[in-house]
Amino acid sequence: MNLLQIRKASTSFAMPFRHRQVAGKHLLTNTEGAFVLLDDAEFTAFAEGTVARDSALYTRLRERNFVRAEVDQRAIEERIRTRKRFMDLGPNLHIVVVTLRCNETCVYCHASRADMSATHTDMSKETAEKTVDLILRSTNPSVTIEFQGGEPLANFEVVQHIVDYALKKNEKVGKTLEFTMVSNLSLMTEEKLKWLVEHKVQMCTSVDGPEHLHDKQRKLPSGAAALPLAGHAHAVAKHWIGRINEEYARLGLDPTLYHVEALLTTTSETLPLWKDVVDTYVGLGCKALFLRPVDPFGFAERSGGRVEYPRKDYLEFYRDAVDYMLELNKQGVQILERFAAIFLTKILGGEDPNFLDIRSPCGAAIGQVAYNYDGKIFTCDEGRMLHEMGDDTFLIGELGKTTYRDLMGHETVRAMAIASNLDAQPDCVNCTYQPYCGVCPVHNHKTQGSIFGRMRESTLCAVHKGIQDYLFEKIASGDPHVIQTFQRWTTVRDRTHFLQTCAL
Amino acid sequence: MSSSLDGFPEGQVQFDLERGGASVRVDAGLYPLEAIYGAAYVFIDRCFVLLDRADGGAYRVWLSPKKATDEQSVRAMLGELGNELLSCAWRAQIAKESRSIIEAVTARALGGARGAPGLDDLEAFDFSDEAFDDPLGIAMSWEEKYGKKKAEEPKAEAAEPDAEPKP
Amino acid sequence: MTELRFHRDLYDGETVDEAIKTFERFATIERAEDDEHWIVRLSADAPPRERRVAGELGNYALGLTIRRSTGAR
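Residue numbers (the working numbering), protein chains in the order written: chain Y, 28 to 531; chain W, 25 to 191; chain E, 122 to 194.
None of these hints come from the bench; they were simulated from the model.
Warning: the hint list may mix true and false statements.
Derived Cβ-Cβ restraints for the label pairs, each shown as a range [as the list claims (entries may be wrong)]:
| id | chain 1 | residue 1 | chain 2 | residue 2 | range |
| --- | --- | --- | --- | --- | --- |
| 1 | Y | Arg112 | E | Asp130 | 40 to 48 angstroms |
| 2 | W | Asp69 | E | Pro169 | 16 to 24 angstroms |
| 3 | Y | Lys243 | E | Arg173 | 37 to 45 angstroms |
| 4 | Y | Glu343 | W | Lys91 | 50 to 58 angstroms |
| 5 | Y | Leu194 | E | Glu139 | 20 to 28 angstroms |
Covered stretches of chain W, going by a simulated chain Y footprint (3 or more residues, C-beta under 8 angstroms) [unchecked claim]:
| id | region |
| --- | --- |
| 6 | 59–68 |
| 7 | 89–103 |
Dumping the calculated DSSO-like pairs for lysine-lysine here, alpha-carbon to alpha-carbon at most 30 angstroms [unchecked claim]:
| id | chain 1 | residue 1 | chain 2 | residue 2 |
| --- | --- | --- | --- | --- |
| 8 | W | Lys91 | E | Lys142 |
| 9 | W | Lys120 | E | Lys142 |
| 10 | Y | Lys357 | Y | Lys339 |
| 11 | W | Lys120 | Y | Lys492 |
For every residue, glycine included, the Cβ atom is placed at its ideal position computed from N, Cα and C.
Based on the sequences and whatever the hints tell you, model everything.
As structure tokens, then:
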């Protein structure tokens, strides 16, 4: 049933709401991001304004600000302010591409890599220092510098220089610094590991699932790794994940919080292997699995025919994988799905975890900035990838020429803030999932030719909607174990060991 | 030239595969000009785009693919144009209705990220401009404006533009 | 020869002039006008080149017109 089937709809009972049918129930959300799930009879009473004041339903609706006569204006303002807190701070994530060189060749490479001989794509120490200088001028008191590539270990000297230089400069600035590195780990050595652990650089890697799939999709030429395991990308990653986790344990850090996390890129070959993927991650000691679909950036465009798939198939894969993860959680295994955790933190926790691709407005420049090896500055890493493909739409400045405030006031940044504001976007403006969702203007630009995009035809929208449908179906089922697990997935524990603060 | 295309209303579409293009008639009462501009712009990487007026005050959008293509691709492209027109028209309406909230969010997000100007920004500021026009004398001190004037003192041009000429 | 007709309701005359200036080194271009249109007549050495230059000139004029119209709001 829908609103048209309501005989005498009340125009005064309800606060503005959006609704959608999920699992045979009516899901209602409102501006502040509260939700209720109603059955047919409850929805009819709500829409007709005939809910008895002394009923449990009335209490549920009132508590969540769906009843106009009982609305708590201050609570609404406070909840919206809490959800949008990220808007006041400015960019937290600074992605530094220290080189485009990479020793692995991946079928979907997002980063548009260069061969190992292309040393001209290494960031210089001078550019590195200018990058840090600009980062430390940003408004956010907490800053994460994320080393990416290419393969950042291929230009390890500059990684070291950035960490040393940033820590020294920060003595006078006093920000909270965090360093992370996204690496395939194949160029890792014991010496590098020792330095990274000592300097509290978090490490994150890519694992495409079971060994045969990982090795097929991520080609590691023989001799490219610093181990006898060369030629076997999965074995190399597994070895170093184990070693890093050992080092964390040696420092006495809680292994449930301190361990290497890995990222998955889902290709068409991954889809039937959902169980193997989850088992692989659990086997590697990972506590989180991010079931990311392949994106249209980098080489993924060229290999799209081979690695792409209809999003309907992806969503089946997602459901199977997360169902299995919930089952494992029931057995005491701790593994969470990252998309689910992001959405559930907003749905159940009333907070925004500030995941830059799923927030409104998105994090382009105002939440993250990407610095290329040559000093060019982009709104985000996706924008930088498009630059490597010959599209400079998201280039907003250059080190040494552009000031921090000029970057943030750039017309492209303003356009992206407007384009990713869900209150300005057709379809999103009426979508039940609007309080929890986000759009990516770079994805829209790449796939549909406009930063605004058309959500009904967007693969990203299909994924976001499909995942939220699944989560609300699970919530609607009322299974106490599922709710308990979902609640646990919303709990964010800071890895304080990696936070580096210098007293002024 | 074909005057119609399967799936589109009669008379709305002109299709000319030989010359490599097609056009759509767009009702000016349904779609504001900014929506037509917005939708047309989406195609300029793939097509040569030309706008024109059509009969009855309508608009016509011509698309001519840059690379040779077949009828099926042209149909898909025109369908995409229709969808983009609707999307742009709706967005224009939302922008009008929600202008204040969109502006407030944008200002808060950009303001939060830019922060207050620092010394670097002030250093970069160009102070060398000529004195600004101050017809009300707001930039003058009280003494300058109302104090006893010495007869031999030359007048500040910008400060007293409306002063009586001296004999 | 290719003739492009830019309707005065839809294109800013200055943007058409600017587009002509930008592309005149790629083709022989004449400018004319009637009551409703800015008219551009264009000829180049070979038909494919003429089509491309005419098309890109049209896109350029459209892009500039849109930029000016949105900038003015």
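Comparing the hints with the structure gives:
no.	hint	in the structure
1	Y/Arg112 x E/Asp130: 40 to 48 angstroms	holds (47 angstroms)
2	W/Asp69 x E/Pro169: 16 to 24 angstroms	holds (19 angstroms)
3	Y/Lys243 x E/Arg173: 37 to 45 angstroms	holds (42 angstroms)
4	Y/Glu343 x W/Lys91: 50 to 58 angstroms	violated (36 angstroms)
5	Y/Leu194 x E/Glu139: 20 to 28 angstroms	violated (51 angstroms)
6	59–68	holds (count 4)
7	89–103	violated (count 0)
8	W/Lys91 x E/Lys142	holds (25 angstroms)
9	W/Lys120 x E/Lys142	violated (36 angstroms)
10	Y/Lys357 x Y/Lys339	holds (27 angstroms)
11	W/Lys120 x Y/Lys492	holds (27 angstroms)
Checked against the numbered hints above, the structure violates hints 4, 5, 7, 9; every other hint is satisfied.
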